[in-house]
Amino acid sequence: MILVATWLEKLIGPRVSSELLAKERQKFRRPTIFLSLAAFLLLVSIFFPYWRLKLEAPQYPQGLYVRVYINRVVGDVREIDELNHYIGMRSLQDAAQLERSLSVFAIVVISLLTLGAIYVHNQLAAVLSLPALLFPVIFLGDLYYWLWNYGTNLDPRAPLSSAIKPFVPPLLGVGKIGQFKTIAYWDIGLWLAFLASILIVIGLYYHRKAYKPLVDAMR
Amino acid sequence: MGRTLKRTLLAGGIGLGLLVFVLSSCQQGGQTPGVSGLSKEAQSVIKERGLKPQDVVAALKTYLPTGQYDEYIMFSSGGHSGQVLVIGIPSMRLLRVIGVFTPEPWQGWGYSKETEEILAEGNVDGKKITWGDTHHPALSETDADYDGQFLFINDKAHARVAVIDLRDFETKQIVKNPIAISDHGGAMVTPNTEYVIEGGQYATPLGWKYASLDDYAKAYRGMVTLWKFDRKKGRIDKKQSFALELPPYWQDLFDAGKGVSEGWIFGNSFNTEMSTGGVEEGNPPFEAGASQRDMDYLHVINWKKAEEVVKAGKYKVINGFKVIPIETAVKEGILYFVPEPKSPHGVDVTPGGEYIVVAGKLDPHVTIYSFEKIQKAIQEKKFEGKDPYGVPILSFDAVVEAQVEVGLGPLHTQFDNQGYAYTSLFLESAVARWTLGGPYSKLHKEEPWTVVQKIPVHYNVGHIAAAEGDTKDPDGKYLVSLNKWSVDRFTNVGPLLPQNFQLIDISKPGTNMQLLYDMPIGLGEPHYAQIIKADKLNPWEVYPEIGWNPGTQSKDPNGITAGQEKIVRKGKTVEIWMTAVRSHYNPERVVVRKGDRVIWHITNIERAKDATHGFGLPLWNINLSIEPGETQTIEFVADKEGVFPFYCTEFCSALHLEMMGYFIVKP
Chain A
42 MILVATWLEK
52 LIGPRVSSEL
62 LAKERQKFRR
72 PTIFLSLAAF
82 LLLVSIFFPY
92 WRLKLEAPQY
102 PQGLYVRVYI
112 NRVVGDVREI
122 DELNHYIGMR
132 SLQDAAQLER
142 SLSVFAIVVI
152 SLLTLGAIYV
162 HNQLAAVLSL
172 PALLFPVIFL
182 GDLYYWLWNY
192 GTNLDPRAPL
202 SSAIKPFVPP
212 LLGVGKIGQF
222 KTIAYWDIGL
232 WLAFLASILI
242 VIGLYYHRKA
252 YKPLVDAMR
Chain B
2 MGRTLKRTLL
12 AGGIGLGLLV
22 FVLSSCQQGG
32 QTPGVSGLSK
42 EAQSVIKERG
52 LKPQDVVAAL
62 KTYLPTGQYD
72 EYIMFSSGGH
82 SGQVLVIGIP
92 SMRLLRVIGV
102 FTPEPWQGWG
112 YSKETEEILA
122 EGNVDGKKIT
132 WGDTHHPALS
142 ETDADYDGQF
152 LFINDKAHAR
162 VAVIDLRDFE
172 TKQIVKNPIA
182 ISDHGGAMVT
192 PNTEYVIEGG
202 QYATPLGWKY
212 ASLDDYAKAY
222 RGMVTLWKFD
232 RKKGRIDKKQ
242 SFALELPPYW
252 QDLFDAGKGV
262 SEGWIFGNSF
272 NTEMSTGGVE
282 EGNPPFEAGA
292 SQRDMDYLHV
302 INWKKAEEVV
312 KAGKYKVING
322 FKVIPIETAV
332 KEGILYFVPE
342 PKSPHGVDVT
352 PGGEYIVVAG
362 KLDPHVTIYS
372 FEKIQKAIQE
382 KKFEGKDPYG
392 VPILSFDAVV
402 EAQVEVGLGP
412 LHTQFDNQGY
422 AYTSLFLESA
432 VARWTLGGPY
442 SKLHKEEPWT
452 VVQKIPVHYN
462 VGHIAAAEGD
472 TKDPDGKYLV
482 SLNKWSVDRF
492 TNVGPLLPQN
502 FQLIDISKPG
512 TNMQLLYDMP
522 IGLGEPHYAQ
532 IIKADKLNPW
542 EVYPEIGWNP
552 GTQSKDPNGI
562 TAGQEKIVRK
572 GKTVEIWMTA
582 VRSHYNPERV
592 VVRKGDRVIW
602 HITNIERAKD
612 ATHGFGLPLW
622 NINLSIEPGE
632 TQTIEFVADK
642 EGVFPFYCTE
652 FCSALHLEMM
662 GYFIVKP
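Each protein sequence line maps, in turn, to chains A and B. Using this note's numbering, the first residue of the first sequence is number 42, and each one after it goes up by one. Using this note's numbering, the first residue of the second sequence is number 2, and each one after it goes up by one.
Simulated from the structure, these hints should not be mistaken for lab results. Mixed in with the good hints there might be a few duds.
Below, computed lysine-lysine pairings styled on BS3-like, alpha-carbon distance capped at 27 angstroms [claimed, not checked]:
{"id": "1", "chain 1": "B", "residue 1": "K610", "chain 2": "A", "residue 2": "K222"}
{"id": "2", "chain 1": "A", "residue 1": "K95", "chain 2": "B", "residue 2": "K610"}
{"id": "3", "chain 1": "A", "residue 1": "K253", "chain 2": "A", "residue 2": "K95"}
{"id": "4", "chain 1": "B", "residue 1": "K53", "chain 2": "B", "residue 2": "K478"}
{"id": "5", "chain 1": "B", "residue 1": "K667", "chain 2": "B", "residue 2": "K114"}
{"id": "6", "chain 1": "B", "residue 1": "K610", "chain 2": "A", "residue 2": "K217"}
{"id": "7", "chain 1": "A", "residue 1": "K217", "chain 2": "A", "residue 2": "K68"}
{"id": "8", "chain 1": "B", "residue 1": "K443", "chain 2": "B", "residue 2": "K374"}
{"id": "9", "chain 1": "B", "residue 1": "K315", "chain 2": "B", "residue 2": "K305"}
Put together the whole structure using the sequences plus the hints.
Quick look at the structure:
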């Protein structure tokens, strides 16, 4: 029994005795609060767009919008596809199919891993929360890959292929394609994910402060 | 005098200064120009054109900068163009033409299966008719106020009524009157659009039969038809509709009672002389023969009673249509006559339904009848006799409320929110503003039943239309004078001159009516128009779903989306399911053999506002307008071999010219 406990404690770090917990409740509560809040924000971000693109042109006085969620693309997609076919760009709905199909599952898993880090009282906690910490960067990296992929793989047989040279739409800020001005925004979902990352960093700092002495003591 | 002129000039100057300010701030992106007076440019324009201060004010009142919408929308008959015109007020910009009784290529109206079928509903005894004489548009009403859902309009020449759905501004149904050849007193609606009223005009034997003019009094009849409207289906229900047989006087206009007079309709008549013309045989011509008697008859009809009588089965059937005979109408208390000064024209019910205003035409008065007095006279049987068909005639003195001498040739009356009525004066070429009495007296400061101001119009005014001016709740503000002649108002464009719509500001009480704008109408001779507040209309921007059939207002079984395109041959029939999108059709090549029957469904799969595609196919007389989401079908026999390029007839995109395909008919 003791042997098992030792093996388990080696893996997930030392347990906190109830006397110590009663004495320094605040100290051990901090990492729990920050990490669970981070996991919660990440889960909530599923319901918000991560990235938004506005297209402005004279004949679209209201502008055209596309909103990218982690699992779907919404807005004037049909019309934008309609326009994109002139320059030989593929349909937006075909982009990042794999990522979109896995994204909700992935977010749930990495949120659970972050929550798991609360119960792990050693360096492994940092490893567990690393995917969540990096998620916004991973998202932007993947988005950039697809923007590059779409913008540089234009169908040479398209009507305007000679007029529009391959391009990569900006990840953030203003660009120009033909008569369209494009404005890219980072949207609520992405900001929530960034906030989650910050909370994880803070959470891990308090985590180390709380459990490092116990880990050292165990050694 | 000098001081007043100075003051008006100053006011005009400030007005123009404001215009210049607004214009220049637009140009400079909202920057304040720093000059509040008249710019030199504005002054030189005023000088060059010789503008008076009121001209400048009129210009300001009608000017709408780009992107700004009109406050009101006017639906005007297009006269014998067979169409309806949609015009914005106060800008007087023509927004749309709606094809109704006449094929119209821009809308593809009459060039597709669905639209041909609707036009064919108006065939007379199987005879194809490709024109109509639209007279009186009627917006659907709820509680005696426009609801912006449907528009009805009649065709005087063939006694037809059309239903236009205001979700897409397209004609959905045409009904041909089964008993009458021509009509005039339509379309008008009852206060909740239970019925669309269609009154006759020139008497004929009912049911399109032959009878000698020598038997006029015996065999010829007038009529009024009540078309039952099924609002849910958006269609007239012929089976539940019926007509009332009337003496062979020429019924003219009708109006439905509202408020206190709800349940009744009123119509006037002329030629109670029953003149049958024959100038060539030495008889008095109609124009004289029909104007001999001093009085004609206002028809007072209880439609709710008529409805009950039909439900009780007390009708005869003519040409498959239910008709209440005159005797039944008299016996059941459905029909009464009231003397009205000779050959009157318009009959218009006041907003609250208390009075019926009949304009004299050949008599310089408008005669105002009290509905309350009419009801009292009916109850007390104050009859001065019966006409030859046994219809009781109410005593004139017992039912008249007032007579106002408005001027020469009074025709039509409209109302505003300040207790005024407006009557067009055809012979005087003017519109008279006069005061209503009774409950309306408290709305104005003048004596009741008196003329306040006459404003000249150019020229020969027929109908007039005030903003919501025939509803229970008129808005005032604007009135349009629909003038038959323009004579010298516009640059000469040859011997056929446009009509002239004149916009008049009626917002200020007293003698302050102001003429604002002249709009030439060069495509027909409009009759009546109705003006509705623009925010009561809520049309679709694109059809609700891809594959929409406007004929049924539902998804078409042959409507498809991208990827479902196909060509299927079955024996000698080739059926094509095609999509249209910027900037191509799919398929682009359609190959058939000579003699094949071709059934061709085309769906515009666009969802963007204004992304309409056309489809013009030479030789087979086909041009479609396929609006975003719409599916249209054409059917024809490929009876000529050859190569026929079809193309998009609505400029849709930069690659519009490339939006074409080949229809190839092999020998």
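Each hint, compared with the structure:
1. A threshold of 27 angstroms between alpha carbons decides the hint, and for K610(B) with K222(A) the separation of about 20 angstroms falls inside it, so the pair holds.
2. At most 27 angstroms may separate the alpha-carbon atoms for a hinted pair to count; K95(A) and K610(B) meet this at roughly 18 angstroms.
3. Taking the CA atoms of K253(A) and K95(A), the gap is near 48 angstroms; set against the 27 angstroms cutoff, the hint is violated.
4. Note on K53(B) and K478(B): the hinted pairing holds, with a Cα-Cα distance of about 22 angstroms set against a maximum of 27 angstroms.
5. Taking the CA atoms of K667(B) and K114(B), the gap is about 24 angstroms. The hint holds against a cut of 27 angstroms.
6. Note on K610(B) and K217(A): the hinted pairing holds, with a Cα-Cα distance of about 23 angstroms set against a maximum of 27 angstroms.
7. Taking the CA atoms of K217(A) and K68(A), the gap is about 52 angstroms. The hint is violated against a cut of 27 angstroms.
8. For the given pair, K443(B) sits about 21 angstroms from K374(B) by alpha-carbon distance, which is consistent with the 27 angstroms threshold.
9. The suggested pairing of K315(B) with K305(B) holds, with an alpha-carbon distance near 14 angstroms, which does not exceed 27 angstroms.
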